[in-house]
Each structure stands twice: as C-alpha cells, then as structure tokens.
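Required output: the full structure, derived from the provided sequences and hints.
Chains C and G are the protein sequences, given in the same order. Each residue of the first sequence is one higher than the last, beginning at 1 in my numbering. Each residue of the second sequence is one higher than the last, beginning at 1 in my numbering.
Think of the hints as simulated: they come from the structure by calculation, not from any bench. Virtual Cβ for every residue (Gly too), placed ideally from N, Cα, C. One or more of the hints may lead you astray.
Reference listing, derived: stretches of chain C covered by chain G, where coverage requires no fewer than 3 residues with Cβ under 8 Å from a Cβ of chain G [said to hold, decoys possible]:
id, stretch
1, 78-88
2, 216-223
3, 479-485
Facing chain C, according to a computed beta carbon distance under 7 Å, are these residues of chain G, among others [claimed, not checked]:
id, residue
4, I80
5, S87
6, Y98
7, N119
8, G240
9, K286
10, F290
11, Y293
12, S510
13, M603
14, A606
30 Å max Cα-Cα, derived DSSO-like pairs, lysine-lysine [as the list claims (entries may be wrong)]:
id, chain 1, residue 1, chain 2, residue 2
15, G, K286, C, K23
16, C, K143, G, K208
17, C, K193, C, K256
18, G, K476, G, K395
19, G, K505, C, K239
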Amino acid sequence: MQTYSIISNIRYIYGLAFKARTKMKFYLIFNFISSLLIPLTTSIASSLVVNALINNDSITTYIFVILGFALALFIFEAINVFSFQKYNWESTFVRVNDFWVNISSKVLKLDYDEVEPKSKQKELNKAFEALDSNWIGIEGMMKETSVVFINIVGMIIYGVIVAIYIPIILLVLITMSIINMLLAKRADVLLNKNREKMNDAFYERYYLANEISKPDNGKDIRLYGLESWLDKLFVKITKKRIKYEAPIFRNNLFLKLSNTVFLAMRDFIAYSILVVMVINKTIDVSLFIFLIGMVAGFSGWLNAFTDAYFRLKMDSSQVSAYRNYLKKENKFNHGKGIDIKSLSFPLSIEFKNVSFSYPDSDKMIIDNLSFKIEPGEKIALVGQNGAGKTTIVKLLSGLYRPTSGKILVNGYDVNEFNIDEYMQLQSVLFQDSEPLAFTVLENVSCKTKESTDIDKVKEVIRLAGLDEKINSLPNKENTYISQVFDLSGIKFSGGETQKLMLARTLYKNAPLLILDEPTAALDPLSEEKMYLTYEKFSEGNTSIFISHRLATTQFCDRVLLLENGKIKEEGSHEELIALNQTYRRMFDIQAKYYRKDDSDEQ
Amino acid sequence: MNNKKKNNLKAIFNVISLVKKISPLYIVVVIIDTIFSSLFPFINIIFSYWILDDLINEASKSVIMNKVYLLIGLNLIFGIIIALSKSFIEKQGTLIEYNLTRTIANKGFTLDYEQTEDNEIMNMIQQARDGSNGSGGIGSFIHNTFNGVFSSILQIIYSLILLSGLIVSITINDDGRLINFINNPLSASIILMVLIISVVVSTVLSIKESKLGYQVMMENIDGNRRFGYFYNVCVNYKKGKEIRLYDMHDMLIGLMKDKRFSIEENWERFVNVNIKFLIINNFFNKVLLFIAYLYVGLKAIYGLISIGSVVSYVAAITTLNLSVTRFLRSFVTANQQASYLQHYFSYINLNTKMQYGKKEFNSNDIEVEFKNVSFAYVNQKEKVLNNVSFKLNSKEKLAIVGLNGSGKTTLVKLLCRLYDPNEGSITVNGIDIKEYSKEALTNIYAVVFQDFKLFSYSIKENVAGGKEVDDERVIKSLDKAGIMDRVNKMEKGIDTILYQRGEEKGVEVSGGEAQKIALARALYKDSALVILDEPTSALDPESEAQVYEGFKDMVQSKTSIFISHRLSSCKFCDNILVLDKGNLVEIGSHNELMRKENLYYKMWNAQAKYYK
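So, in structure tokens, the structure goes:
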C-alpha cells in the first residue's frame with residue numbers, strides 16, 4: 001500500500017481536473033492573485049489615507065486616493081468572488097463526473113475475488129471516503145491546496161515587508177509559527193489515533209439509523225417489539241462517540257487558548273517596538289499603521305495556513321487510498337485468450353483436483369474435487385447447506401480461481417480464456433438475485449437501451465411466465481422497479497422477481513446454463529412451468545441445476561451429491577436410488593410427505 | 001402573519017425548546033458567545049483610534065503604552081472567553097445532532113406500518129434527516145440565529161454609539177459652504193441614505209437567492225438519493241456477481257452519467273445567479289465605502305475631527321452596514337433554515353392513523369376468526385383479499401397455500417395488524433384485534449416472515465428479540481431450530497456478532513442458517529400463536545425435515561399458521577386454506593381437498609408426481 005506524498009496527490013488531482021475542465025486553471029489563478037491583493041490593498045490604502053491627511057494634501061488628491069482604493073478593491077473582490085464560486089462548482093462537477101465515475105468503473109471491472117472478501121470491502125470503503133462530500137478527500141484537496149498556497153505566499157510577502165523594517169519582529173513571528181505548527185501537529189496525531197474508533201462509532205450509528213428506517217425491517221421491529229432495544233443501542237453509540245471526541249475537543253481548545261496567548265505576546269512586542277520607532281521618528285505614523293497591519297495580517301495567514309495544512313494532510317491520505325484502489329490489478333486473464341467462437345458447442349466441463357478456500361479464511365470449502373460434465377449434459381448438484389454447491393458455481397463461472405487444481409472447459413484451462421469473454425459463455429441465476437432499480441427492459445437485457453432487442457425481451461418474459469403481469473402495467477417493459485428513479489415504479493413479489501431473473505438468464509442464451517435454487521419462492525404450478533421451461537432451454541446446452549427440491553433431479557442426466565466439499569455420490573437418479581445411501585435417504589425424507597401413507601384414503 | 005411565517009416562527013421556538021431539553025446550558029453559552037464575539041472587533045477599532053491620535057499628537061511613551069497594555073489585556077480576556085464558549089458549543093453540537101437522529105428513528109417506530117411503505121413519507125424522513133443536517137444541524141441553527149440576529153443588533157448599537165462623534169457640530173469660524181455643510185449634523189444623513197440603499201439592495205438579493213437555493217437544495221436531496229443508489233450498487237458485493245456475469249458495466253456507467261448530469265446543470269445556474277448577486281452587493285458596498293471615506297475625510301481635513309479617528313469612523317460605518325445587512329439577512333436565513341427544520345417537525349408531528357385499544361392479552365389459548373375481510377393496498381385498486389372468512393380454532397394448525405400473488409402473506413400481515421382491513425373484521429379470542437393494545441399484539445404473535453430481518457449484533461440479542469437475555473433459553477431455542485451445533489463452532493458462541501458492521505469480527509451466515517436463527521427467535525418468544533411464512537425455503541431436505549419434526553413438537557401446544565409452497569408441510573396441518581387471487585376457494589383437511597380434485601389437488605400433484 002503506497003502512501004503518496006501531498007505534492008504527488010496534488011499533481012494527480014489537478015492533472016485530471018485540468019484536463020477535464022480547462023477553465024479551472026484560470027479560476028484558480030485569478031482567485032490566487034485576487035486573494036493576495038485584497039488584504040494588501042486594504043492595508044496600503046489605510047496608510048495612504050492617513051498619510052494624505054497628515055500631510056495636508058489637497059482635497060482632490062485625497063479624493064483620488066479613496067476613489068482609486070474603492071475601485072481597486074471592488075475589482076479585486078469581484079474577480080475573487082467570481083473565480084471562487086466558479087472554481088468550487090467546477091471542483092464539485094469534476095469530483096462527481098470524473099473521479100467518481102472512474103472509481104465506480106474500476107470497481108465494477110475488478111475481478112470478483114478483489115471485491116467480495118471483507119478485507120477488500122474495507123479498502124473500497126476507504127477509497128470512497130475521498131469522494132464523500134464537498135469538504136473532504138478529493139474536493140477537499142482542491143479547496144485546501146489553493147488556500148494553503150495563498151497563505152504561504154501571503155506569509156512570505158508580509159514576512160518580507162516586516163523583515164525590511166523590523167527584522168526582530170520577524171524573528172518573533174517565525175518562532176510563533178514554529179510553536180503553532182508543533183501544537184497543531186500534536187493535535188493532528190491525537191486525532192488520527194482516535195479516528196478509527198470514531199469512524200467505527202460513526203458507521204455503527206449510520207447502520208442503525210439506516211436499518212431502523214428501512215420499511216422491510218419494520219415488520220420484525222414491530223412484531224418483536226425491538227424498538228426499545230434499538231433505542232438503547234442508539235444511546236450507547238452516542239455515548240461512545242462523545243467519549244472519543246472529548247480528547248479531540250480538549251486539544252483543540254488548548255490550541256486556541258495558546259494561540260490567544262501568543263497573539264497577546266506578539267502584540268506586546270510589536271507595539272513596544274513600533275511605538276518607540278514612531279516616537280523616535282524612525283518611521284512615520286502612516287508607516288506605523290501599515291506595519292501593524294502587516295504584523296496582524298501575518299498571524300492571519302499563519303493560522304489559516306496551519307488549519308488548511310492539516311486538513312490537506314487528511315484529505316491527502318484519503319486521496320492516497322483512492323489512488324491505491326485505482327491501481328489494483330486484475331489477476332485473471334483480461335488479455336488475449338482462446339477464441340470463444342472457435343469452441344464447439346455444447347461445452348464439456350471438468351474439475352481436476354480442485355481445492356478452494358476463500359481469501360480471508362483457511363477453511364477448505366472444496367477439497368480435491370474432481371468430476372466431469374459431458375457436452376450437453378444436465379447435471380443436478382445437491383447436498384446440505386454449506387456443502388459447497390454455490391462455491392462450485394462461483395468457481396466455474398469465473399468469479400473465483402481455484403486455490404489449487406484446474407477447471408477445464410472443452411479441455412482448455414479456464415485461465416487461458418479472456419475472463420470477460422469466458423463469462424459470455426454462461427447464463428447464471430443466483431439464489432440471492434435481486435433486480436436493479438431500473439426498468440424491466442434494462443433488468444432483462446443488462447444493456448443500454450440502444451443495444452437491447454425488445455422483441456427478444458418480450459419473448460423471454462413470456463417464457464418465464466411473467467407476461468401477464470408485465471402487460472398489466474401501464475408502462476409495460478418500461479416500468480421501473482422500485483421507486484428510486486421513478487415514483488411510479490413498482491415492487492415485484494418474491495415469485496415475480498424469480499421469474500424476472502429467469503427471463504434475464506434466458507435472454508442471455510448462453511451455452512452454459514447454471515441455475516441456483518431458481519424455484520424457492522415459486523408456487524407449485526409456477527415451479528412446474530419453470531422446470532418445463534428449463535428442460536426446453538437446456539436442450540443443446542450444458543447445464544447445472546442446484547436445488548433442494550430433489551424432484552428436479554429427474555430432469556437431469558446425472559446427479560452429483562456434495563458433502564463437505566467432496567463428491568460423495570455420483571450417478572443418475574435411478575442409480576443413486578438403487579445405491580440406497582445418502583441421496584436415497586434425502587429423497588425419501590422429502591418424498592415421505594408426498595407419498596400416500598396410512599392416514600390417506602385409498 | 002401568513003401561515004408559512006407563523007409555522008416558521010413556531011418551528012424556531014420548537015427548536016429552541018428542543019435544544020434546551022437536550023443541553024440546558026447551550027443557550028446560555030450561545031448568548032455569552034454572542035455578546036463577547038460581537039464586541040470583540042470594537043476593541044481594536046476604539047483603541048487604534050486612541051493610540052493613533054496619541055502618536056500624531058506626540059503623547060508620551062508611557063501614556064501610549066498604557067493604552068497598548070489595556071488593548072492587549074482586553075483582547076486576551078475576550079479571546080479566552082470566546083474560545084471557551086465556542087468549544088463548548090461545538091462539543092454540544094454533536095450531542096444535539098445525535099439526539100435528533102434518535103428522535104427521527106423513534107418516530108419511525110411509532111408510524112403505522114402502512115406509512116413506512118409510503119414513498120412520500122420515505123421522502124419526508126430523508127428530508128427530516130437532511131433538513132436537520134443540511135443547515136449545519138439544529139445546534140448550529142440556534143447558534144447562527146443568535147449570532148445573526150442578536151450579535152448584529154449589538155453591533156448596530158455599538159457602531160451607532162461610536163459614530164455619535166460624527167454628528168457633533170463644532171463652532172467654526174469659516175464661511176465656506178462645504179465646511180459648514182459638513183459640520184452640520186444633518187449632513188450625516190447622506191451616509192445614512194447610501195447605507196440604506198446598500199442594505200436594501202443586499203436584502204432583496206439575498207431573499208431572491210435563498211428562494212433559489214432552497215429549490216436547488218430540494219432537488220439535490222432527490223439527486224443525492226439516486227446517487228446513493230449507484231454507490232450502493234458499486235459497493236454491494238452481492239450485486240457484484242451478476243454485474244460481472246451479465247456484463248452490466250456499460251449499462252451502469254451510462255445510467256450513472258445520465259441520471260446525475262441534470263442535477264449539476266441546476267446547480268450551475270444557481271452559482272451564476274449567486275455570483276451576480278454578490279458582485280452587485282459588492283458594488284454598493286464600495287460606493288458606501290467611498291462616500292464614508294469622503295465624508296469622514298472632509299471632516300478631518302477641516303479639522304472637525306482628529307485624523308486618528310478617520311479609519312475608526314470608516315470602520316464603524318462599514319461595521320454598521322454589515323450589521324444591518326446581517327440582521328435583515330438573518331431573518332431570511334432563519335426563515336429558510338426554519339423551512340428545512342419544518343421538514344423535521346412535520347415528520348415528527350406526523351399523525352398515525354391506526355388506533356389501538358387497551359385490552360391486554362395473557363392467554364395461552366388462541367382462536368382467530370376472519371369475517372368477510374377485504375383489503376387493497378393504498379394507491380392500488382386491485383383487491384388483494386376479497387371477502388375472506390375462516391376460523392382458526394385453539395391449538396389448530398392451519399396451512400395457507402395458493403399461487404404467487406394470491407394474498408397469503410397479506411393475510412398474515414392483516415392478522416398481525418400491520419394493516420387494517422378495508423372491510424370486515426378480524427378477531428382474536430372473540431375480540432376485534434383493533435381493541436388490543438400495541439403491547440398485547442406483540443404478545444400474541446411470533447412471526448417469521450419470508451423476508452425476515454436479523455441485525456448485525458450478537459446472536460443472543462437477536463434471538464431474545466432485544467429483551468432481557470436468558471442465555472439458557474436462547475440456547476434451547478437455537479437447539480430446537482437446529483442451529484446450535486453451528487453456533488457452538490463459532491468462537492464466541494451465542495455472543496458472536498452476525499454480519500459485519502464495523503471493527504468487531506462478525507460472522508457471515510448463509511440464508512438457511514439465518515432462517516434457523518429467525519426460527520429460534522420465534523421460539524424464544526413463546527407466544528400462543530406462531531406464524532411461519534416459507535420457513536424452510538432455503539433449507540436442504542434434512543434440515544427441512546428437522547424443522548418440520550421439531551415444529552410438530554414446538555407447536556403442539558400452540559395455535560399455528562404455515563404458509564408454504566412445499567405442500568408436503570400441509571399434511572401435518574389440521575386445516576388447509578387455499579387462496580386464489582385473493583379469494584378463499586377451498587378449505588379443509590388434506591384428504592378432503594384431495595377428494596375435491598380442485599386447485600389444491602392440482603398443485604399437490606404438480607409437486608408429488610416427481611416423488612413417486
């Protein structure tokens with residue numbers, strides 16, 4: 001994990017920002033110059049005014065001075081306002097349209113094993129922090145960088161001016177700066193120490209607030225009377241957060257108080273010296289005014305610089321997390337691979353001594369697994385919860401790679417394919433599939449509107465048994481699912497959702513069909529229809545069917561029974577029944593209730 | 001006073017009393033901060049005037065330095081007081097904000113279930129949260145209001161006191177028109193006029209701007225919510241499987257850019273308008289500055305006032321201008337912020353429609369009866385249940401079956417009084433469920449819905465439903481649900497945290513395992529009526545059988561309702577209710593219904609034929 005320096009991050013951000021929005025450069029420059037000119041103009045003008053009055057200049061001269069001053073100040077302030085507002089808008093725009101889209105695109109294209117494991121999710125959350133608001137991370141850096149530089153230059157200009165006339169005060173100012181920075185640094189270190197804990201409390205509160213307001217959770221909350229429990233948790237988190245914040249506030253207060261004391265010391269020294277200089281006629285009164293302004297102004301620049309610098313530092317660490325995420329590399333093959341058009345269909349599949357454990361754990365989910373699927377075969381994969389069925393699907397579909405062993409498709413190692421092309425070979429239906437909050441059309445085709453074949457969509461909706469429902473809707477296939485993007489959007493029931501997901505699978509029409517518990521939420525008649533559809537669609541294709549409903553195995557050519565990551569039994573339904581072991585036992589347990597027994601009438 | 005203003009004023013008072021409840025000292029400290037902060041800049045204005053004059057008039061070093069020490073001393077004291085009060089205000093800000101979030105959450109608990117599904121109310125909740133956050137939080141609202149209104153009043157007063165020196169007329173021996181004009185106190189009205197023009201322009205512009213800003217912010221809330229959706233899609237690893245396998249990247253990125261862009265255009269328009277206003281404002285301020293320097297300068301040139309006072313008088317005029325502007329503007333801002341806060345109060349004061357009775361429930365016997373119940377969801381014409389009547393006797397086991405969308409889950413939701421029927425009535429032990437208290441209702445049912453929810457806290461807290469945790473009883477329930485073996489293998493046993501919420505190591509459980517934990521929760525409750533909606537859909541055959549067997553024991557002494565597509569579970573039920581498109585089409589035991597050879601018979605055979 002590389003930590004990029006602040007300068008490197010500044011160059012990175014502005015490099016991208018200026019390329020996307022060239023006007024930003026000019027806004028930045030104008031803001032910079034005008035921010036320096038405004039206080040200078042004010043200081044110079046005050047002393048010029050007093051000077052003109054002391055010297056008894058003519059009224060015309062005086063009017064000239066104040067007119068010039070008012071005009072100059074107006075112009076500089078107008079430029080400043082304009083450039084500042086424009087610059088801020090541009091930085092928000094570029095954060096959202098470029099930086100955000102970049103990382104979204106990146107995460108969507110990463111290999112799955114870089115996304116699912118808990119540790120990887122943490123990395124992603126950290127990377128997204130940089131985009132969270134207008135005040136931190138990338139946009140924060142864009143704001144604070146210009147502030148930091150303006151204040152540094154301001155300090156230098158004022159410091160030089162002070163040095164010319166009263167070098168000893170410069171010494172005082174520099175000493176103050178150093179002590180100030182040290183104290184601020186100490187506060188920063190303390191903040192970082194507590195940040196993890198504070199973040200945790202923050203996330204927990206966010207989690208609670210979110211969960212409590214989700215309508216789906218409302219049923220259980222009410223029916224189990226969970227309200228007081230959740231409320232108590234809330235109070236606990238509040239106390240936790242306040243506890244962690246306390247030292248930080250104390251520290252900030254200490255910082256402010258020491259600052260106030262320093263200002264008093266500075267004024268004491270500055271006034272003592274300057275008053276004497278006026279009395280001794282070393283400088284005149286107007287210069288006195290000017291220099292007092294410079295001394296006070298220096299402290300202003302210094303304080304603003306310190307604040308901005310530490311904010312910049314924090315923003316920079318968030319940007320580093322962002323950049324590190326973008327640098328993640330895919331380990332799967334994204335380059336040239338075997339030409340999928342040259343493959344003969346239907347496909348054959350082979351698992352050769354495949355073992356697998358998830359990246360964050362040691363437990364072997366699949367242990368030295370070997371099996372073959374002939375071209376065009378329909379395989380049923382059965383076994384207890386946790387036996388490894390879904391894991392096999394994840395491995396076969398290319399979401400993960402085996403820890404050891406090989407997976408072969410038509411004899412070729414899966415790694416030899418370009419992974420994106422490889423995924424085109426499969427239509428997969430997962431157990432926990434949920435539609436996206438877009439239109440029915442987009443959910444089925446998964447493509448942009450231009451690339452969607454509408455007739456094909458209508459056909460697969462019909463095959464999935466969803467046509468009656470869709471035709472009953474006013475917007476038909478253009479109906480939005482859920483109301484996130486369209487208030488007239490609807491919600492599908494569990495069964496309707498499963499049919500929708502089936503339609504998506506059918507639309508893709510790939511040579512390898514994998515269905516994981518596709519009928520769990522369907523009523524018996526819909527379930528039967530689905531089996532028939534499945535039978536029809538698996539003709540000419542190789543397919544794998546996972547289900548707890550052992551009835552489905554009868555559609556399949558062969559059954560693989562998995563236990564603890566190994567194949568326990570293998571064969572056709574009839575063969576395994578005859579084998580009279582685990583499969584037979586499972587089948588009988590389910591069948592028991594369906595078969596006629598003594599309580600039934602003859 | 002029109003309604004809106006009245007409401008806003010009410011909102012402001014409500015806010016103040018709300019904050020007083022959470023943090024009583026807060027308002028006091030804000031007042032202290034206001035007084036000292038508003039006075040602070042005047043220290044320098046006054047002293048620089050005196051010190052400058054002393055320098056010009058060549059006073060002695062000790063005289064000058066005495067004033068310097070006083071200046072430094074006052075700055076120090078004020079600085080310390082202000083730092084202390086601001087620190088206190090910031091600290092309490094967190095407390096106040098968290099409390100507000102808590103009230104929003106608690107309100108959510110009291111809403112009718114139907115209301116939580118209402119999209120308008122969902123928007124209200126979002127607005128309430130943003131509204132109490134968007135203006136910097138309610139704490140900062142109070143701070144800003146006090147600062148805006150009261151500190152500007154104080155500063156107006158201080159400025160006027162300071163400026164009184166300008167309207168003193170001195171005896172002069174000159175007949176020049178200009179000098180006599182300047183000497184006349186009424187000439188100060190020129191400044192007043194220019195100041196009034198400047199203030200009026202500024203106020204009119206800021207009113208226009210805040211209206212526009214409010215509009216844009218409302219649109220932004222909507223846009224942010226949509227954008228939040230895209231964020232969730234990218235970050236949610238569960239969706240990640242399908243995004244890759246179905247190559248959805250291009251579609252998502254395209255939609256992302258498309259849906260966001262329009263928000264940015266609105267915002268840009270607002271920025272441009274804002275810039276125009278600020279520059280116009282600035283122009284008038286500079287005109288005032290020029291006139292101020294001219295007027296005050298002439299007075300000095302003619303010796304009517306000291307040179308040292310020139311800069312101070314101009315500073316006082318500028319401060320007066322700013323204070324009056326700020327005073328007026330803070331009304332505008334307060335109004336605007338109050339509108340935001342209105343969202344919060346509208347939500348908190350939202351009325352619920354469901355009325356609860358007072359009857360308690362303490363029995364172990366339950367009878368349920370539906371009498372001519374009909375129901376359609378809000379905003380939908382189609383009836384989901386149509387004239388359904390049936391009776392469930394004590395300790396009976398009832399199965400509810402039917403095709404997808406036939407109304408099974410809705411029937412259960414009505415029974416649990418998540419909704420009220422449009423027609424007909426539902427009684428428990430002869431009493432209409434509307435007459436039971438809220439607490440009585442939670443005592444009656446133990447429900448496991450198809451889309452049950454477990455929270456990312458410890459298993460035992462989840463199973464105990466947040467009540468007092470009886471460890472032994474938790475273990476017994478988990479055991480009956482068939483998941484205790486799995487829990488025993490976990491490092492922390494029943495103290496293990498489910499899912500991942502933060503730093504603590506949580507455990508991911510599969511769908512089937514979660515279902516068993518939800519069952520354990522229902523068992524722990526030990527209610528007289530147990531309702532299970534698809535309790536075994538994610539379980540393998542052996543686990544499924546285990547649950548059925550276990551349940552036969554568990555519900556032996558209870559009344560129970562099963563919804564299931566697995567018709568095999570119907571066999572051990574006393575009665576089966578068959579729904580079709582909201583109508584009760586058949587009711588009877590398994591054997592009776594098989595003889596009728598109707599819908600049930602069809603569904604049964606569709607499943608059973610594979611098990612021959």
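Verification of the supplied hints:
no., hint, result
1, 78-88, "holds (count 6)"
2, 216-223, "holds (count 8)"
3, 479-485, "holds (count 3)"
4, I80, "6 Å, holds"
5, S87, "4 Å, holds"
6, Y98, "4 Å, holds"
7, N119, "5 Å, holds"
8, G240, "5 Å, holds"
9, K286, "4 Å, holds"
10, F290, "4 Å, holds"
11, Y293, "4 Å, holds"
12, S510, "6 Å, holds"
13, M603, "4 Å, holds"
14, A606, "4 Å, holds"
15, G:K286 <-> C:K23, "28 Å, holds"
16, C:K143 <-> G:K208, "27 Å, holds"
17, C:K193 <-> C:K256, "21 Å, holds"
18, G:K476 <-> G:K395, "22 Å, holds"
19, G:K505 <-> C:K239, "22 Å, holds"
No hint from the list above goes unmet by this structure.
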